[in-house]
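A.B. asks: For reference, the chains in residue letters:
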Amino acid sequence: MLNVTDILETIRMIQDENLDIRTVTMGISLLSCCDSDIDRSCEKVYHKITSCAKDLVKVGEDLEAEFGIPIINKRIAVTPIAMLLAASGGDPVQYALTLDRAAKAVGVNFIGGFSALVHKGFSAGDKALIQAIPEALAKTDRVCSSVNVGSTKSGINMDAVREMGQVIRRCSEITADRQCVAASKLVVFCNAPEDNPFMAGAFHGPGMPDCVINVGVSGPGVVRAALHSAPDGLNITEVAELIKKTAFKITRMGQLIGTQAAQRLGIPFGIVDLSLAPTPAVGDSVAHILEEIGLEQCGACGTTACLAMLNDAVKKGGVMASSSVGGLSGAFIPVSEDAGMIDAARAGTLCIEKLEAMTAVCSVGLDMIAVPGDTPAEVLSAIIADEAAIGMVNSKTTAVRLIPAVGLKEGEELEFGGLFGTAPIMKVNTASPAKFISRGGLIPAPLQSLKN
Amino acid sequence: MRAVITVVGKDAVGILAKVSTICAEHNANVIEVTQSVLQDMFAMIMLVDISGLSCELKELSKLMEQMGAAQGLSIHVMHEDIFNSMHRI
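Here the protein sequences line up with chains A and B, keeping their order.
Read left to right, the first sequence gives residues 1 to 452 (our numbering).
Read left to right, the second sequence gives residues 1001 to 1089 (our numbering).
Bound conformation, chain A alone (with noise of 0.2 Å):
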């Protein structure tokens, strides 16, 4: 019989740690939609969504209530949707219409792929579809989008970082009365991986099989209950090596419920995404763990060195816990999204710039920050380029989702509520780069390029 203290463990972590399986990612391919007629290539899009997903919710909430683990979210992703208007032309709102009455449809809570990659220039439909994309994610609920500039195989897109500073501006601009959550469903990548399960990053690359299942797990507040009632003697070797373990357990949870999920739907398994995805219930918070390790508050200094530790540990522990490992995988620090973010934030303890040290060594990057709300579109592309620089020199994903809070000032707080949380609006170095932004062109593909 199975061992009554390991159990009882299982139980704990789901009922006071906030265990849970963070989201189910459908990726549906919507290749196979491509007309030459707009209105036919929405309504195909329509039905392979609805026909692929019609099962999906009702899966997750079956293996929730048959296996006792929360699945937080279930959510859909597909073909990045620049790659269809290419061959349909005409306006690509009406394909975000499409997604979010699809996503309504069938129950799933957000639906990504509004999403054009353009990290080498910008083919047949990328600049329509980035154009529109303030519109989309205004006039839609449910449909995120994401805009890949720059790749450490290919350089940085330096024309598309510049229109995606002002595209940012844009989208908190008509959406200013609600508190501009427009912004908060875009992200600006480089590296993005294919297979991310998350939002609002989300997209079902075009190397990936026609409907595949990911899986993101979560489970900050399980490493930091493992490091709070650990002993306090343990060096920083064993502190990782708990880390370890603990994320271990967490990701074989996401690969039961990842297999389960494919083989009810009769679709393959893609990949377990071993993220630590924090939320702002208490308890939940990647900073807090940061706080445990030692720190007094996230954002002193020592910070990156712990998050390095965390990220690593939570890989080491999570690869062998399952068959395929992929999309972010890391640690998250969305600073609304995190209790402890949140508080460092408001305390001036945490700083774009340390914020910004920090995406070097964990999986993201700059997320769901909230800025002044007049900083200039040019500083947005900078932050952007600065951000995609650090993911194009060390062959990682990173990625940028700032809030422009129109109309607010340092130090006052967008409220987003529900997982999106509170964002506390944090100062933004305003010294001006609009030169070297309005040069445009591609920053070169770096050395660590040439691999063969």
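Treat each hint with caution, since some may be false.
What the hints assert, rightly or not - Negatives, chain B to chain A, calculated, CB over 10 Å: (1) Lys1010; (2) Val1013; (3) Leu1016; (4) Glu1025; (5) Asn1029; (6) Gln1039; (7) Phe1042; (8) Ala1043; (9) Met1067.
Unchecked claim - Dumping the calculated DSSO-like pairs for lysine-lysine here, alpha-carbon to alpha-carbon at most 27 Å: (10) A:Lys58 to A:Lys104; (11) A:Lys54 to B:Lys1018; (12) A:Lys139 to A:Lys104; (13) A:Lys396 to A:Lys316; (14) A:Lys153 to A:Lys396; (15) A:Lys153 to A:Lys139; (16) A:Lys139 to A:Lys244; (17) B:Lys1058 to A:Lys54; (18) A:Lys44 to A:Lys139; (19) A:Lys139 to A:Lys54; (20) A:Lys58 to B:Lys1058; (21) A:Lys58 to A:Lys44; (22) A:Lys153 to A:Lys435; (23) B:Lys1058 to A:Lys104; (24) A:Lys58 to B:Lys1062.
Just so you know, these hints were derived from the structure itself, not from any lab.
Where a beta carbon is used, it is the ideal one built from N, C-alpha and C, also for glycine.
Put chain B on the given structure of chain A with help from the hints.
C.D. replies: Here is chain B on its own, set in the frame of chain A:
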């Protein structure tokens, strides 16, 4: 297929009887029971065979939860695989 039923709460007369009655009503065969009483806290873990279950596992889980809530007990019914996958390689 097997499921694990865990019961945690204040000790009282008839807890085991109530849980096993629900199991019997739905054709879940009890394979093994471990229980302990620490001070007045009662903790029981029951392994049941659910291959002949006469209802959906989630219905059984719901019934147990309701019964537990009425008695001030916390009862969970979970598929055995979740524990196996977390604690066995």
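A.B. asks: Hints the structure violates: just list their numbers, smallest first.
C.D. replies: 8, 11, 15, 16
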